Amino acid sequence: MSVKKRTFVFVALALLVWSVVATGFAGYYYSIYSDLLVKTRKPIIYVNIGINYGNGTIEWFNGTEARAGDTLLDIIILVATTVNYTAGPSGAFVNSINGVSYSDSYYWMWWMWTTWGWFEGQVASDKYMVGDGETLYWYYEDTSIFPLPKPS
Amino acid sequence: MFANGFLSPWGVAGMIMPFQMAGMAIIGVAGGFYRRYKSGESPGRLFVEAAILGAFLTLTYDIITNSGVAVLALTSGIPIIPAFITTFITGMAFAIIHIISNTILFGFTFIPLSNVLQKFGGR
Chain A
9 MSVKKRTFVF
19 VALALLVWSV
29 VATGFAGYYY
39 SIYSDLLVKT
49 RKPIIYVNIG
59 INYGNGTIEW
69 FNGTEARAGD
79 TLLDIIILVA
89 TTVNYTAGPS
99 GAFVNSINGV
109 SYSDSYYWMW
119 WMWTTWGWFE
129 GQVASDKYMV
139 GDGETLYWYY
149 EDTSIFPLPK
159 PS
Chain B
172 MFANGFLSPW
182 GVAGMIMPFQ
192 MAGMAIIGVA
202 GGFYRRYKSG
212 ESPGRLFVEA
222 AILGAFLTLT
232 YDIITNSGVA
242 VLALTSGIPI
252 IPAFITTFIT
262 GMAFAIIHII
272 SNTILFGFTF
282 IPLSNVLQKF
292 GGR
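Just so you know, the sequences run in chain order A and B. Residue 49 in this note's numbering sits at position 41 of the first sequence, and the numbers go up by one each step. Residue 270 in this note's numbering sits at position 99 of the second sequence, and the numbers go up by one each step.
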């Protein structure tokens, strides 16, 4: 391969990476900004929180009043009697809710109600800012099952 | 990559392991292919080329593995377009860190690592 052609190939590769990354970066920040704008429109928000203990007991806290900017972890601390969690670099790991602790393959997972049904939380609960009118669900479930059982 | 799928400190890779293996296979093929073209080039040029290749291959790897996550999202009933958009947006922060760090890593480690491997491999 000639030097000229080789240089062209690598410059083209660099430009391709730059354009894809720059587009992704812009899309990512636009998404975060839009989300933040919607979620901080009102100072007080109302959310619905479900807690499924995995033994048939389900508690609902509908219309829970919270402040704009509160995270899902803030909300569960607000509605539950006891919440134990460990803060880590990737976010908070919820060890137990109301005395029900993780054991074996059973962990506390969180879900969000969307227009497509239940959607598994993609980030740690302290990284997810709750929006007005959202329905969120804590589910103590067997994480060794694939796909992860959705709230029913 | 198969072993890493089980031993990674981030936990078991699970269903995205085939996508990770495919991504790594492409990187391996690209490395083997590039080896033919590296002899006789100046260190400066190799540094820049390795860095660009690192960025490109990491981007390719992230696209493949994020597609794997999106396919998993499809199994939970999310339509195809929202599944891919959500997955790629969620993964973007990690992808940017991944690409930048690998660009630096590939650039700086390519020549010394290549020299060491040549000594051991005799080629």
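Hints listed in this document are in silico derivations from the structure and should not be mistaken for laboratory results. Small disclaimer: the values here were computed from a predicted structure and weren't measured. Beta carbons: idealized from backbone N, C-alpha and C, even for Gly. Hints may contain errors.
Said to hold, decoys possible - Result set (BS3-like, lysine-lysine): computed pairs, CA atoms no more than 27 Å apart in a straight line:
1) A:Lys-13 to B:Lys-290
2) A:Lys-135 to A:Lys-158
3) A:Lys-13 to A:Lys-158
4) B:Lys-290 to B:Lys-209
5) A:Lys-12 to B:Lys-209
6) A:Lys-50 to A:Lys-135
What the hints assert, rightly or not - Here's a subset of chain A near chain B, in silico, CB distances under 7 Å, partners left out:
7) Phe-18
8) Leu-21
9) Ala-30
10) Thr-31
11) Gly-32
12) Tyr-36
13) Trp-124
14) Gln-130
15) Ile-153
16) Pro-155
17) Pro-157
Original post:
With a cut-off of 7 Å, does the beta carbon of A:Ala-30 approach a beta carbon of chain B closely enough for the hint to hold?
Top reply: 10 Å, violated
Original post:
Regarding the hint that A:Gly-32 lies at the interface with chain B, is the smallest CB-CB distance below 7 Å?
Top reply: 5 Å, holds
Subject >> chain B contact restraint on A:Pro-157 - CB to CB distance below 7 Å >> reply: 10 Å, violated
Original post:
If you draw a straight line from the CA of A:Lys-13 to the CA of A:Lys-158, is it 27 Å or shorter?
Top reply: Violated. A:Lys-13 to A:Lys-158 sits at ~53 Å, over the 27 Å cutoff.
Original post:
Does A:Thr-31 pass the interface check with chain B, least Cβ-Cβ distance below 7 Å?
Top reply: 10 Å, violated
Subject >> Hint validity - A:Trp-124 Cβ closer than 7 Å to any chain B Cβ >> reply: With a closest approach of 5 Å, the A:Trp-124 hint holds.
Original post:
Given the proposed pairing of A:Lys-13 with B:Lys-290, does the C-alpha separation stay at or below 27 Å?
Top reply: Roughly 30 Å separates the two Cα atoms, so the pair is violated.
Subject >> Interface hint compliance - A:Tyr-36 to chain B, C-beta minimum distance less than 7 Å >> reply: 4 Å, holds
**OP:** Quickly compare the C-alpha distance for A:Lys-12 and B:Lys-209 to 27 Å and report which way the hint goes.
**Re:** Since the Cα atoms of A:Lys-12 and B:Lys-209 sit roughly 15 Å apart, the hinted pair holds (cutoff 27 Å).
Original post:
Between A:Lys-135 and A:Lys-158, does the CA-CA distance stay at or below 27 Å?
Top reply: 21 Å, holds
**OP:** Identify whether the interface hint at A:Pro-155 stands, where standing means a beta carbon of chain B within less than 7 Å of its own.
**Re:** The hint holds - A:Pro-155 has a Cβ within 7 Å of chain B, the shortest such distance being about 5 Å.
**OP:** Grab the minimum C-beta distance from A:Phe-18 to chain B and call the hint holds if it beats 7 Å, violated otherwise.
**Re:** Hint holds; A:Phe-18 Cβ to chain B Cβ min 5 Å, cut 7 Å.
Hint violations for this structure: numbers 1, 3, 9, 10, 15, 17, all remaining hints satisfied.
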